[in-house]
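Asker: Sequence:
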Amino acid sequence: MKKFNIRKVLDGLKEQASSSVSSGQSGAPENNLMHETLQSENFQLCKTVRHGFPYQPSSMAHDPVQKILAIGTQSGALRLFGRPGVECYCQHESGAAVISLQFLINEGALVSALADDSVHLWNLRQRRPAILHSLKFNRERITFVHLPFQSKWLYIGTEKGNIHIVNVESFTLSGYVIMWNKAIELSSKAHPGPVVHISDNPMDEGKLIIGYEAGIVVLWDLKSKKADYRYTYDEAIHSVAWHHEGKQFICSHSDGTLTIWNIKGQGKPFQTITPHGKQPKDGKKPEPCKPILKVEYKTTRLGDPFMILSGGLSYDTVGRRPCLTVMHGKSTAVLEMDYPIVDFLTLCETPYSNDFQEPYAVVVLLEKDLVVIDLAQNGYPIFENPYPLTIHESPVTCCEYFADCPVDLIPALYSVGSRQKRQGYSKKEWPISGGNWGLGTQSYPEIIITGHADGTVKFWDASAIMLQVLYKLKTAKVFEKSRNNKEDKQNTEIVDEDPFAIQIMAWCPESRMLCVAGVSANLIIYRFSKQEITTEVVQLLEVRLQYEVNDMESPPEGGGGGDRDLPTPGAASPSPQTTGPPTHPSTSSNSSDGVRDNVPCLKVRSTPLKQSSGYQVELVVQLVWVSGEPPQQITSLALNSSYGLIVFGNSNGLAVVDYLQRTVLLNLGTVELYGSNDPYQRQARSPRKARQPAGGNGLCDINEGSASEDRCKSPTSDPRDSSFSRSRSSSVTSIDKEAREAITSFHFCETFARKGDSAITPCLYVGTSLGTVLAVALNLPPAGEQRLLQPVIVLPSGTLARLKGSILRMAFLDNTGTFLPPAFETWYEPNAAGADSEERDKARKRRPVSVSPSTSQELQESQYAVVCSEKQAKVIALPSQNCIFKHSITETSFVLRADVVQMNIGNCVACFCANGHIMTLSLPGLRPLLDVNYLPLTDMRIARTFCFTNLGQAMYLTSPTEIQRITYSQETCENLQEMLGELFTPVETPEAPNRGFFKGLFGGGATSLDREELFGETQAGKASRGLAQHIPGPQGLEGMKGAASGVVADLARARIALDERGQKLGELDERTAAMLASADSFGKHAHDMMLKCKDKKWYQF
4 MKKFNIRKVL
14 DGLKEQASSS
24 VSSGQSGAPE
34 NNLMHETLQS
44 ENFQLCKTVR
54 HGFPYQPSSM
64 AHDPVQKILA
74 IGTQSGALRL
84 FGRPGVECYC
94 QHESGAAVIS
104 LQFLINEGAL
114 VSALADDSVH
124 LWNLRQRRPA
134 ILHSLKFNRE
144 RITFVHLPFQ
154 SKWLYIGTEK
164 GNIHIVNVES
174 FTLSGYVIMW
184 NKAIELSSKA
194 HPGPVVHISD
204 NPMDEGKLII
214 GYEAGIVVLW
224 DLKSKKADYR
234 YTYDEAIHSV
244 AWHHEGKQFI
254 CSHSDGTLTI
264 WNIKGQGKPF
274 QTITPHGKQP
284 KDGKKPEPCK
294 PILKVEYKTT
304 RLGDPFMILS
314 GGLSYDTVGR
324 RPCLTVMHGK
334 STAVLEMDYP
344 IVDFLTLCET
354 PYSNDFQEPY
364 AVVVLLEKDL
374 VVIDLAQNGY
384 PIFENPYPLT
394 IHESPVTCCE
404 YFADCPVDLI
414 PALYSVGSRQ
424 KRQGYSKKEW
434 PISGGNWGLG
444 TQSYPEIIIT
454 GHADGTVKFW
464 DASAIMLQVL
474 YKLKTAKVFE
484 KSRNNKEDKQ
494 NTEIVDEDPF
504 AIQIMAWCPE
514 SRMLCVAGVS
524 ANLIIYRFSK
534 QEITTEVVQL
544 LEVRLQYEVN
554 DMESPPEGGG
564 GGDRDLPTPG
574 AASPSPQTTG
584 PPTHPSTSSN
594 SSDGVRDNVP
604 CLKVRSTPLK
614 QSSGYQVELV
624 VQLVWVSGEP
634 PQQITSLALN
644 SSYGLIVFGN
654 SNGLAVVDYL
664 QRTVLLNLGT
674 VELYGSNDPY
684 QRQARSPRKA
694 RQPAGGNGLC
704 DINEGSASED
714 RCKSPTSDPR
724 DSSFSRSRSS
734 SVTSIDKEAR
744 EAITSFHFCE
754 TFARKGDSAI
764 TPCLYVGTSL
774 GTVLAVALNL
784 PPAGEQRLLQ
794 PVIVLPSGTL
804 ARLKGSILRM
814 AFLDNTGTFL
824 PPAFETWYEP
834 NAAGADSEER
844 DKARKRRPVS
854 VSPSTSQELQ
864 ESQYAVVCSE
874 KQAKVIALPS
884 QNCIFKHSIT
894 ETSFVLRADV
904 VQMNIGNCVA
914 CFCANGHIMT
924 LSLPGLRPLL
934 DVNYLPLTDM
944 RIARTFCFTN
954 LGQAMYLTSP
964 TEIQRITYSQ
974 ETCENLQEML
984 GELFTPVETP
994 EAPNRGFFKG
1004 LFGGGATSLD
1014 REELFGETQA
1024 GKASRGLAQH
1034 IPGPQGLEGM
1044 KGAASGVVAD
1054 LARARIALDE
1064 RGQKLGELDE
1074 RTAAMLASAD
1084 SFGKHAHDMM
1094 LKCKDKKWYQ
1104 F
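When you read off a place in the sequence shown, starting at 1, and then add 3, the result is the number in my numbering.
Treat the hints as calculated values from the structure; they're not laboratory data.
It is possible that part of the hints are untrue.
Said to hold, decoys possible - Ranges of calculated distance between the beta carbons of each label pair, as one might list FRET restraints:
no., residue 1, residue 2, range
1, 387, 288, 37 to 45 Å
2, 131, 537, 45 to 53 Å
3, 1077, 996, 19 to 27 Å
4, 537, 792, 22 to 30 Å
To be verified - Straight-line C-alpha distance at most 27 Å; calculated BS3-like pairs for lysine-lysine:
no., residue 1, residue 2
5, 250, 229
6, 155, 250
7, 333, 297
8, 250, 333
9, 606, 475
10, 606, 477
11, 480, 533
12, 1025, 226
13, 874, 758
14, 155, 70
15, 424, 480
16, 606, 480
17, 333, 271
18, 297, 287
19, 807, 889
20, 155, 297
21, 271, 287
22, 1097, 1087
23, 226, 288
24, 281, 333
25, 229, 163
26, 431, 480
27, 480, 371
28, 533, 475
29, 185, 333
30, 229, 192
31, 1025, 185
32, 293, 226
33, 533, 477
34, 1025, 139
35, 192, 139
36, 163, 139
37, 1087, 1025
38, 267, 192
39, 874, 807
40, 155, 271
Even for Gly, the Cβ is constructed at its ideal location relative to N, Cα and C.
I would like the entire structure built from these sequences, with the hints used as guidance.
Answerer: Next up, the structure:
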């Protein structure tokens, strides 16, 4: 039955209401409005993929047959990794920390144990893994989990020291329980502590070794239900590992020692080793070291065994980084890590514990990184990590997302980025190579740009729901390294740390021009080049931008359109307080009374700058101190490659810079943009009154509903959240009412500068924190040489509209509803010589690409301006400047991010509100098409990094180390299942090691155990009913199994079964043929012998 869709009914009602509003406001007939193609059924919200390093990892597991890796986190997340490009994210509902993970090797399933004492079985045979079963323990805390290879019985150790056994297929408890008091009996007078290790003897599945924290190890006989041996040591145990022959095991202890025990010698350890302890000459015990948290003992067929351990360093190594120690024969290698070690696993050639292990790599999970070490090469080099796990290399401070980029852009960035790669990696292929890629239907290029606290900018290829770093730009190279003298420290006082942090980025994909704004009130303009150059002198502009007007009163209600008369002619010329300096750098000066003036926050390097291929510095713009007041941080930024202009603003005003001629064209306080028609009553203030710190509008930590701190902090300075920071440009008026009117957004366009204009001209539209949209007309010289010689004339043209809340986004549509992107210049090689330079000159002389409509169109309204603020959206017809549509987005909250985006069949406004709602509005009618309560704003990092882009894509930083991508497109949601990779692929399990003739004849090989008989209900009985609660998966066992396997997996398994059966039948046929041939041969020989001996007497033999 078709589901009734009330949204369509609401769409129709809204369209009728909007049409009546438009006719009432503009007087335009309804049939002049274009038909809207987007409907509510074109939108659906869902998560697509999560990239980056798992935040706060807590555990790890590896499937040696499927070759996939699982990582659990402290927030209950699961991240699964296969070959590069195959990743998966899952989340436990409880959010409890994952304390242990165990693969059902080559079965496509995973067991997770959580800190809330629950155990879950995950099905990995589907593209989005799901939980099949859960078991919640009520009386005991889980401390350790072990699942033997090819067994369906899971051992669970608890804090009380008991061991429970769970059937993985039905997820029910067995009645067989190993109680702690039975295990230790009289060997200890005290409780042995929690279970820290469980594993079965590699050569005898009936023998189980149990490690207790207090220092007791028990070898338990499962059949006789009693302890065979007990081993006691006077130091706490952290981990235990077997030798593959099952005759020895090794323990790691809290005093930095390793003890090796023979299973039949329970008095003293066979050998005691202190890997990092100083050996005294008098034969005394070595000095205690830090605990060895984990040890693994791996054997090789042809060489010495490997002992790999974490921790155990001497206490006198203060300040030394965490280490992984690899002991192989007589050599000991200490491998330093950048972060504390959470866990490590040794990758081996065989999944069987009773065979030579042949280790070839070690996966080391660190707090903020994943390292894989090659054990087969001298020096133990690391593998080059192909996963996008370096997003957080320096904390992310801002993001931008671009979909449907020029097709030549990703290859160009990859080409220059490939030269930045480090050397010295292992030459082998990445060992985690399981899974299969999805069948992606998206073919358009996508790029994510991240700005970081140390001044780096990273470009990422985000096409087809993958992520790969393309190119890394270090902006801090432009500036001198700060010295520790007092004067330099005072100059950079506007931020406590990270003075090079990136605050805002503006990028033109077509021309490849890039502009970044930093927290130290600086801008750097970059041009892309494939050739390496050396810049002798970095070009610098210093700008004085100070605003001497304070308190204001809001205009009366109802000022929707505002006064659109022109400002006074004097408004275009800078006032004495905002006069821009000459293009040459001014000298820093302090007046006689010590007031700092004309001093930039950072010092641009004076030595030649070698710039490799990629992004190269074109111009640096710095705001300077004015009369002892530091510059305000930049809150908005825009770049236009066609006009050769950048514009930036803050709480004081705005400045327009011509980066081709390297001049300041306009430098105005916000109030001067209004001219004589300022709707607000403002009071002048002295330069000293109510001084606001320079960081007032920067990357500050802001709590909703409270004012910001007096001093701005860098994105990494808050101990509560070391990576949250936020530009105030997105929500100045909603979080705290600013006394100043800040510039919050810009938009370059070719449109009508004034009401009633008959021709379109290049313009700059300016949005402020008080909801005003102002127009600035741009008079550009002709393209080519004249553009470099004649000045650009900039003139404020009046107010277009006023909205509630800060202006977030502006865009333009033509009379058919088609999106009008700003004009742009196509990319050319700036450092070309010879024939290439002629091509460059031709490219520069070409008329810039413009997609504005022809001026000869005889239409009543030629364009529509779309303006979105924190509270509402408006569509304004041009050149009449009538508001034809208006929509109140939210009354109780405010919009954090808004973008005008292009979908496959139309355009819409996409909004993300502080209350967690994601909404889309049609254009130009502003009908609500989607409204989903997606994500309550619990973390301001999300507010700072949320981005919408074209074709229904969006992203945000969900943790300091991870990017979450989402889609609001119905088409993408439907195709997502095919785009996701497969974790499980049908692989044949390797053959078990051959026992050999003599071991089979006389014993000594591995002995198996019928666990079903031992742990089943018939012999073991039922478990205590109140001990644990069974929770079935969301779809029930049978339904989930069917959904999990799927037709493809069933066919694949059937194919493998048929192959195996055919292979066995073939082998049987060969054996039968061989036996027949042998029988024929024997018969022939017997017949020959009979003929030979037929006539002989017995005494003739």
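Asker: Would you mind marking each hint as holding or not holding in the structure?
Answerer: Structure-based check of each hint:
1. Taken as a hint, the range 37 to 45 Å holds for the pair residue 387 and residue 288, whose Cβ atoms sit roughly 43 Å apart.
2. The hinted window of 45 to 53 Å between residue 131 and residue 537 holds, with their beta carbons roughly 52 Å apart.
3. Between residue 1077 and residue 996 the Cβ separation comes to about 25 Å, which falls inside the hinted range of 19 to 27 Å.
4. Distance hint check for residue 537 and residue 792: the Cβ-Cβ separation is about 27 Å, which falls inside the suggested range of 22 to 30 Å.
5. Restraint check for residue 250 and residue 229: satisfied, since their Cα atoms lie roughly 19 Å apart, inside the 27 Å limit.
6. Restraint check: the Cα-Cα separation between residue 155 and residue 250 comes to about 25 Å, which is no more than 27 Å; the hinted pair holds.
7. With a C-alpha separation of about 20 Å, the suggested pair residue 333 and residue 297 falls inside the 27 Å cut-off, and the hint holds.
8. For the given pair, residue 250 sits about 22 Å from residue 333 by alpha-carbon distance, which is consistent with the 27 Å threshold.
9. Under the criterion of a C-alpha separation no larger than 27 Å, the hint pairing residue 606 with residue 475 is consistent with the structure, at around 23 Å.
10. About 16 Å separates the Cα atoms of residue 606 and residue 477, which keeps this hinted pair within 27 Å; it holds.
11. For a cut-off of 27 Å, the pair hint linking residue 480 to residue 533 stands: about 19 Å separates their Cα positions.
12. The hinted pair formed by residue 1025 and residue 226 meets the criterion: a straight-line CA distance of about 18 Å does not exceed 27 Å.
13. Taking the CA atoms of residue 874 and residue 758, the gap is near 25 Å; set against the 27 Å cutoff, the hint holds.
14. Our distance criterion of 27 Å between C-alpha atoms is met by residue 155 and residue 70, whose separation comes to about 20 Å.
15. Proposed proximity of residue 424 and residue 480 is supported: the alpha carbons are some 18 Å apart, at most 27 Å.
16. Restraint check for residue 606 and residue 480: satisfied, since their Cα atoms lie roughly 11 Å apart, inside the 27 Å limit.
17. Pair hint residue 333 plus residue 271 holds up; C-alpha atoms about 24 Å apart against a cutoff of 27 Å.
18. At roughly 25 Å between alpha-carbon atoms, residue 297 and residue 287 fall within 27 Å of each other, so this suggested pair holds.
19. Straight-line distance between C-alpha atoms of residue 807 and residue 889 comes to about 11 Å, which keeps the hinted pair within the 27 Å bound.
20. As the CA atoms of residue 155 and residue 297 are separated by approximately 26 Å, the hinted pair is consistent with the 27 Å bound.
21. Taken as a hint, the residue 271 and residue 287 pair is honoured in the structure, with Cα atoms around 17 Å apart against an allowance of 27 Å.
22. The hinted pair formed by residue 1097 and residue 1087 meets the criterion: a straight-line CA distance of about 15 Å does not exceed 27 Å.
23. A distance of roughly 40 Å separates the Cα atoms of residue 226 and residue 288; the hinted pair therefore is violated under the 27 Å criterion.
24. Distance check on the hinted pair: residue 281 and residue 333 sit about 17 Å apart at the alpha-carbon level, within 27 Å; holds.
25. Between residue 229 and residue 163 the alpha-carbon distance is near 18 Å, which keeps this suggested pair within the 27 Å criterion.
26. Straight-line distance between C-alpha atoms of residue 431 and residue 480 comes to about 34 Å, which puts the hinted pair past the 27 Å bound.
27. Only pairs whose Cα atoms come within 27 Å are accepted, and residue 480 paired with residue 371 is accepted, the gap being roughly 26 Å.
28. For the hint linking residue 533 to residue 475, the alpha-carbon distance of about 14 Å falls within 27 Å, and the restraint holds.
29. With a C-alpha separation of about 41 Å, the suggested pair residue 185 and residue 333 falls outside the 27 Å cut-off, and the hint is violated.
30. A C-alpha spacing of about 18 Å is found between residue 229 and residue 192, which places the hinted pair at or below 27 Å, so the restraint holds.
31. As the CA atoms of residue 1025 and residue 185 are separated by approximately 19 Å, the hinted pair is consistent with the 27 Å bound.
32. Restraint check for residue 293 and residue 226: not satisfied, since their Cα atoms lie roughly 39 Å apart, outside the 27 Å limit.
33. Distance check on the hinted pair: residue 533 and residue 477 sit about 17 Å apart at the alpha-carbon level, within 27 Å; holds.
34. Taking the CA atoms of residue 1025 and residue 139, the gap is about 17 Å. The hint holds against a cut of 27 Å.
35. About 31 Å separates the Cα atoms of residue 192 and residue 139, which puts this hinted pair outside 27 Å; it is violated.
36. For a cut-off of 27 Å, the pair hint linking residue 163 to residue 139 stands: about 16 Å separates their Cα positions.
37. A C-alpha spacing of about 64 Å is found between residue 1087 and residue 1025, which places the hinted pair above 27 Å, so the restraint is violated.
38. A C-alpha spacing of about 23 Å is found between residue 267 and residue 192, which places the hinted pair at or below 27 Å, so the restraint holds.
39. At most 27 Å may separate the alpha-carbon atoms for a hinted pair to count; residue 874 and residue 807 meet this at roughly 6 Å.
40. Restraint check: the Cα-Cα separation between residue 155 and residue 271 comes to about 35 Å, which exceeds 27 Å; the hinted pair is violated.
In the structure shown, a violation is registered for the earlier hints numbered 23, 26, 29, 32, 35, 37, 40, in ascending order.
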